[in-house]
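Q: Going by mature numbering (1 follows the signal peptide of the UniProt record, and there is no 0), the letters in the sequence shown line up with residues -20 to -1, 1 to 129, in that order.
Hints in this document: simulated from the structure, not taken from any laboratory. Treat each hint with caution, since some may be false.
Result set (DSBU-like, lysine-lysine): computed pairs, CA atoms no more than 30 Å apart in a straight line [stated by the list, open to error]:
1. Lys4 <-> Lys35
2. Lys77 <-> Lys64
3. Lys77 <-> Lys66
4. Lys4 <-> Lys66
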Amino acid sequence: MHRMILAGSLLLALAAPVSAQVYKWVDAEGITHFGSQPPQGQAATAVDTAAAPPKPAAQVPSPGSLPKLDSQMEDDEQGAIDAKVKEEVAAREAERKRYCDAVRTNLAQLQNNPRVQVNINGQVRRLREDERQSRIAESQKAIAENCSK
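Kindly generate the complete structure, drawing on both the sequences and the hints.
A: Here you go:
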């Protein structure tokens, strides 16, 4: 029983300095001091000495999650490639549409106007009927090959 009282007293004696108040003050020379007793006749502030909570341990990715990161990077790269391809396809489709519109307009002009004039080397001349029919056939072929999709 004596030993228990002695051990308890010893623990209380050791715990007291740990929980003692700490004070902070600046002297007349501008030097900052810390102590367990505030100075006489000078303003001091109490300093909180509570231990900071431990920082959470950094999460290290498990080996099983590393392939997921690799696959996420691959997915991002694949997504960028897919977006680029879609953009190129859309640009080609827009160009094809403009081409088809121009060919259809030319075909309509050739079919509806038997007196088509062309400018060749700065000289304007009228197409002969066989030339007009040839250009109509070429336009129809171009439309069939490129614009019927």
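Q: Which numbered hints does this structure break?
A: 4
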